[in-house]
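Enquirer: The lines below spell out each chain.
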Amino acid sequence: MSSTPASRLHLAVALDGTGWHPASWREQVARPRDLFTAAYWADLVAEAERGLLDFVTIEDGLGLQSSQFGKLDGRTDQVRGRLDAVLTASRVAPLTRHIGLVPTVIATHTEPFHISKAIATLDYVSSGRAGLRVQISARPHEAGHFGRRAFPLIDLSELQSPAGQERLTDLFDEAADYVEVVRRLWDSWEDDAEIRDVATGRFIDRDKLHYIDFEGQHFSVKGPSITPRPPQGQPLVTALAHQTVPYRLVARQADVGYVTPQDTGHARAIVAEIRAEQETAGRAGELLHVFGDLVVFLDDEQAAAEDRRARLDALAGEPYTSDARVFAGTPAQLADLLQEFASEGLSGFRLRPAVAGHDLPAITRGLVPELQRRGVFRTAYEADTLRGLLGLARPANRYVAA
Amino acid sequence: MTSKPLKQIHLAAHFPGVNNTTVWSDPKAGSHIEFSSFAHFARTAERAKFDFLFLAEGLRLREQDGKIYDLDVVGRPDTFTVLAALAAVTEHLGLTGTINSTFNEPYEVARQFASLDHLSDGRSAWNVVTSWDAFTGENFRRGGFLQQEERYSRAKEFLTTTNELFDSWHGDEIVADQTTGVFLHDAKVGSFVHTGRHFDIHGQFNVPRSPQGRPVVFQAGDSEEGREFAASSADAIFSRHAALKEGQAFYTDVKNRLAKYGRRSDQLLILPAASFALADTDAEAEDLAREVRRQQVSGATALKHLEFVWNRDLSSYDPEGPLPDIDPDVSDNHISKGRAQVRMYRDPLATAREWRELAAANNWSIRDLVINTGNRQAFIGSPTTIAKTINDYVQADASDGFILVPHITPTGLDDFADKVVPLLQEQGVFRTEYEGPTLRHHLGLEHPDAADDRAAS
Numbered sequence: 001m002s003s004t005p006a007s008r009l010h011l012a013v014a015l016d017g018t019g020w021h022p023a024s025w026r027e028q029v030a031r032p033r034d035l036f037t038a039a040y041w042a043d044l045v046a047e048a049e050r051g052l053l054d055f056v057t058i059e060d061g062l063g064l065q066s067s068q069f070g071k072l073d074g075r076t077d078q079v080r081g082r083l084d085a086v087l088t089a090s091r092v093a094p095l096t097r098h099i100g101l102v103p104t105v106i107a108t109h110t111e112p113f114h115i116s117k118a119i120a121t122l123d124y125v126s127s128g129r130a131g132l133r134v135q136i137s138a139r140p141h142e143a144g145h146f147g148r149r150a151f152p153l154i155d156l157s158e159l160q161s162p163a164g165q166e167r168l169t170d171l172f173d174e175a176a177d178y179v180e181v182v183r184r185l186w187d188s189w190e191d192d193a194e195i196r197d198v199a200t201g202r203f204i205d206r207d208k209l210h211y212i213d214f215e216g217q218h219f220s221v222k223g224p225s226i227t228p229r230p231p232q233g234q235p236l237v238t239a240l241a242h243q244t245v246p247y248r249l250v251a252r253q254a255d256v257g258y259v260t261p262q263d264t265g266h267a268r269a270i271v272a273e274i275r276a277e278q279e280t281a282g283r284a285g286e287l288l289h290v291f292g293d294l295v296v297f298l299d300d301e302q303a304a305a306e307d308r309r310a311r312l313d314a315l316a317g318e319p320y321t322s323d324a325r326v327f328a329g330t331p332a333q334l335a336d337l338l339q340e341f342a343s344e345g346l347s348g349f350r351l352r353p354a355v356a357g358h359d360l361p362a363i364t365r366g367l368v369p370e371l372q373r374r375g376v377f378r379t380a381y382e383a384d385t386l387r388g389l390l391g392l393a394r395p396a397n398r399y400v401a402a
Numbered sequence: 001m002t003s004k005p006l007k008q009i010h011l012a013a014h015f016p017g018v019n020n021t022t023v024w025s026d027p028k029a030g031s032h033i034e035f036s037s038f039a040h041f042a043r044t045a046e047r048a049k050f051d052f053l054f055l056a057e058g059l060r061l062r063e064q065d066g067k068i069y070d071l072d073v074v075g076r077p078d079t080f081t082v083l084a085a086l087a088a089v090t091e092h093l094g095l096t097g098t099i100n101s102t103f104n105e106p107y108e109v110a111r112q113f114a115s116l117d118h119l120s121d122g123r124s125a126w127n128v129v130t131s132w133d134a135f136t137g138e139n140f141r142r143g144g145f146l147q148q149e150e151r152y153s154r155a156k157e158f159l160t161t162t163n164e165l166f167d168s169w170h171g172d173e174i175v176a177d178q179t180t181g182v183f184l185h186d187a188k189v190g191s192f193v194h195t196g197r198h199f200d201i202h203g204q205f206n207v208p209r210s211p212q213g214r215p216v217v218f219q220a221g222d223s224e225e226g227r228e229f230a231a232s233s234a235d236a237i238f239s240r241h242a243a244l245k246e247g248q249a250f251y252t253d254v255k256n257r258l259a260k261y262g263r264r265s266d267q268l269l270i271l272p273a274a275s276f277a278l279a280d281t282d283a284e285a286e287d288l289a290r291e292v293r294r295q296q297v298s299g300a301t302a303l304k305h306l307e308f309v310w311n312r313d314l315s316s317y318d319p320e321g322p323l324p325d326i327d328p329d330v331s332d333n334h335i336s337k338g339r340a341q342v343r344m345y346r347d348p349l350a351t352a353r354e355w356r357e358l359a360a361a362n363n364w365s366i367r368d369l370v371i372n373t374g375n376r377q378a379f380i381g382s383p384t385t386i387a388k389t390i391n392d393y394v395q396a397d398a399s400d401g402f403i404l405v406p407h408i409t410p411t412g413l414d415d416f417a418d419k420v421v422p423l424l425q426e427q428g429v430f431r432t433e434y435e436g437p438t439l440r441h442h443l444g445l446e447h448p449d450a451a452d453d454r455a456a457s
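As given, the protein sequences belong to chains A and B, one line each in that order.
According to full-length UniProt numbering, the first sequence is numbered sequentially starting from 1.
According to full-length UniProt numbering, the second sequence is numbered sequentially starting from 1.
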């Protein structure tokens with residue numbers, strides 16, 4: 001096994017409440033009463049940093065969590081309620097030094113101007129470790145929280161219908177516009193715009209600030225940002241994608257796409273489709289990571305992991321299902337699976353711990369050492385910025401004349 | 001005087017702003033954007049036991065004559081995001097953010113403040129401001145032109161709506177009983193319906209009740225509507241009246257408005273913004289004050305300030321020379337965009353006439369005039385003088401304390417913290433330790449539940 005950087009895997013962890021299994025909060029390690037405290041999130045991110053992970057993502061949503069696709073479920077036996085992900089990431093940033101912080105932002109109902117400066121600021125407070133995960137919301141009840149648009153209720157099974165595809169396309173096109181605005185605003189100040197020229201009394205060289213003049217179907221944004229270009233220039237943009245429409249968003253706008261392959265053949269097909277879309281988008285030469293998402297139950301013995309899964313399913317009253325493949329086994333088995341997927345073109349993984357308090361430490365203290373022994377994971381942080389950890393260069397500013 | 005107990009002074013720290021009070025040209029001036037500057041400033045304020053840190057906001061870079069204004073500090077972080085990070089490097093300090101009610105939606109702002117309040121263990125505050133201009137609106141979805149008379153109507157409804165969202169959780173919903181499997185005591189948590197002129201929203205709010213219940217609410221406007229808004233809805237006013245007589249008049253005016261809303265005098269704090277020039281002796285402080293005023297008003301800045309009144313391009317004038325002979329342009333299309341102060345000159349012709357007379361009588365250049373007609377520092381003197389003046393003003397009901405605005409980032413508060421605060425503490429008018437965990441404790445404001453309970457009984 002070669003240990004050149006090219007063969008190395010990237011690892012992220014997706015943080016969501018007490019974990020991804022709906023009964024995770026009932027585990028002894030879960031700390032459900034601490035969910036709305038800074039200490040809870042600081043501890044999780046510190047654990048992820050101890051394992052030298054590339055970054056954490058933080059889930060978010062503009063409504064209560066639900067076990068149903070498009071509507072609330074009225075359940076009282078699962079975690080409900082959450083804190084704003086961007087603010088949670090920022091609260092944790094000064095307490096960490098190396099790990100990337102990638103909160104979820106919902107493009108559908110929020111302002112790209114606000115989010116652009118928020119993520120730029122997260123990049124400042126973390127000295128270059130910020131990113132975002134862009135998400136849409138098609139849920140009628142969340143639209144009702146804003147009162148600007150009314151969405152009809154849509155069922156998961158209707159998404160493949162022409163009407164469903166049309167709605168998805170519209171929401172993802174808006175998300176693509178949103179990211180375009182966010183990215184232009186990050187570039188709307190050149191890096192050396194602040195000059196502090198005492199002789200002329202000028203604090204900035206205003207020729208190095210740029211209007212972005214974006215006009216789209218859903219919004220127009222003039223610019224420039226009120227926040228100078230962030231340390232990474234362009235913080236990381238990521239998105240989760242399950243089908244062609246969102247693959248296109250990944251291909252057009254993202255640095256990392258999260259996908260949900262069920263097996264290696266599926267992984268190969270997804271990567272091929274994204275690469276084709278990437279070429280169509282004119283980004284063929286650019287580094288675009290495709291990460292596989294997996295839900296993990298991780299224990300030293302496979303039986304223990306499976307027992308834990310069964311116990312949680314019993315508590316939940318139904319078997320856990322997910323958009324992502326669910327893995328239950330040992331660190332060595334998981335390492336084998338990740339390497340198989342990697343051979344199909346996935347450059348990293350976003351692991352969703354079934355129980356954050358158990359499976360996150362199992363990742364950092366079990367999986368990571370296993371991958372290190374195989375020479376496919378870093379043994380120390382090798383870069384100061386999140387882009388650096390992912391092998392992404394600091395990009396030139398689109399507004400600087402070549 | 002002897003029978004009246006001494007009022008306790010409230011002090012806050014305004015991060016140096018995007019305007020010419022802030023002297024970026026001084027060799028001591030540091031970054032206005034790096035987090036280390038914000039952390040230094042916040043830690044200094046906390047070391048001095050200040051009530052809170054205050055951040056202003058502007059959502060479009062200011063322009064003059066169609067060009068981005070380049071003479072002052074330009075650029076600032078996102079308010080919520082930097083406050084959340086500051087919560088990690090402080091333990092007690094209140095965190096007050098200016099957030100605009102015109103270019104935001106209540107659901108999102110309520111989520112952000114409730115989250116900030118959780119993440120800071122109850123230290124969040126919101127300075128509610130409004131905008132009217134399509135200029136700023138060009139950065140936002142709604143495009144944003146709001147009739148000026150609609151500003152406070154939207155702001156009031158915005159605040160009412162966010163309060164409904166904050167109050168949609170009561171604090172006892174999360175059971176999280178791992179044995180029985182009950183996480184919530186009620187599936188309808190956070191239910192809200194708001195139907196109004198500006199907002200028509202309904203659903204379930206998804207952030208549980210935060211430690212303070214609601215953020216502390218500040219109001220900053222000085223107009224008649226602004227004062228009524230404050231009297232009806234705010235916990236504190238960020239006022240501009242730091243001088244004794246004006247401060248007393250404002251204080252009396254606003255506090256007298258409280259009764260008609262069923263509120264007591266101590267339920268609304270008056271906290272003027274105040275700059276200062278502090279030195280070892282009064283004489284040295286006077287010299288420093290003059291020097292800082294000259295730094296604040298460069299020749300280029302002086303011409304730009306004259307343009308606010310003249311409403312013309314005056315770049316061909318010599319700032320060290322006499323005032324323009326031509327009269328101001330009084331048409332509606334104003335040369336300056338994205339600033340509040342432009343509207344202070346309601347009769348530019350009269351102001352121009354008055355300024356020419358002043359300049360002639362004193363033999364002032366354009367720059368001299370702008371320096372001498374602009375705001376002097378509110379407090380100038382030795383530590384003893386400034387401590388005494390602040391205390392005298394507060395005891396004389398010119399304010400309940402001050403929001404100090406240093407002119408140097410990020411160290412402009414250091415001397416005040418080290419030299420003035422101990423004197424106020426010696427006089428028994430400023431805390432030596434924080435007495436409670438939340439900003440409401442620092443400000444002597446009760447938790448909203450307590451107020452509601454009393455209203456209900």
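These are calculated hints, taken from the structure and not from any lab test.
Here a beta-carbon is modelled for each residue, glycine too, at the ideal position from N, C-alpha and C.
Where hints are given, some of them may not hold.
The calculated label-pair distances, taken between Cβ atoms and stated as ranges, are [said to hold, decoys possible]:
id	chain 1	residue 1	chain 2	residue 2	range
1	B	432	A	322	24 to 30 Å
2	A	192	B	148	51 to 57 Å
3	B	43	A	322	42 to 48 Å
4	A	164	B	411	43 to 49 Å
5	B	449	A	400	50 to 56 Å
6	A	160	B	186	35 to 41 Å
7	B	186	A	302	39 to 45 Å
8	B	418	A	383	53 to 59 Å
Cross-link-like lysine-lysine pairs, in silico, DSS-like; alpha carbons within 27 Å at most [what the hints assert, rightly or not]:
id	chain 1	residue 1	chain 2	residue 2
9	A	222	B	67
10	B	388	B	255
11	A	71	B	388
12	B	337	B	4
13	A	208	B	188
Enquirer: Each hint: holds or not?
Expert: Okay, the hints, checked on the actual structure:
Against the hinted window of 24 to 30 Å, the Cβ-Cβ separation of residue 432 (chain B) and residue 322 (chain A) comes to about 55 Å, which falls outside the hint. Between residue 192 (chain A) and residue 148 (chain B) the Cβ separation comes to about 39 Å, which falls outside the hinted range of 51 to 57 Å. Evaluation of the 42 to 48 Å hint for residue 43 (chain B) and residue 322 (chain A) yields a pass: the beta carbon distance comes to about 44 Å. The given range of 43 to 49 Å is broken by residue 164 (chain A) and residue 411 (chain B), whose C-beta atoms sit roughly 58 Å from each other.
Residue 449 (chain B) and residue 400 (chain A) have their C-beta atoms about 54 Å apart, which keeps the hinted 50 to 56 Å range intact. Between residue 160 (chain A) and residue 186 (chain B) the C-beta distance comes to about 36 Å, which sits within the given range of 35 to 41 Å. Under the hint 39 to 45 Å, the C-beta atoms of residue 186 (chain B) and residue 302 (chain A), about 40 Å apart, fit the expected range. For residue 418 (chain B) and residue 383 (chain A), the Cβ-Cβ distance of about 40 Å falls outside the hinted range of 53 to 59 Å, so the restraint is violated.
The hinted pair formed by residue 222 (chain A) and residue 67 (chain B) meets the criterion: a straight-line CA distance of about 14 Å does not exceed 27 Å. As the CA atoms of residue 388 (chain B) and residue 255 (chain B) are separated by approximately 24 Å, the hinted pair is consistent with the 27 Å bound. Between residue 71 (chain A) and residue 388 (chain B) the alpha-carbon distance is near 61 Å, which puts this suggested pair outside the 27 Å criterion. As the CA atoms of residue 337 (chain B) and residue 4 (chain B) are separated by approximately 48 Å, the hinted pair breaks the 27 Å bound.
A C-alpha spacing of about 51 Å is found between residue 208 (chain A) and residue 188 (chain B), which places the hinted pair above 27 Å, so the restraint is violated.
When each numbered hint is compared with the structure, violations occur for hints 1, 2, 4, 8, 11, 12, 13.
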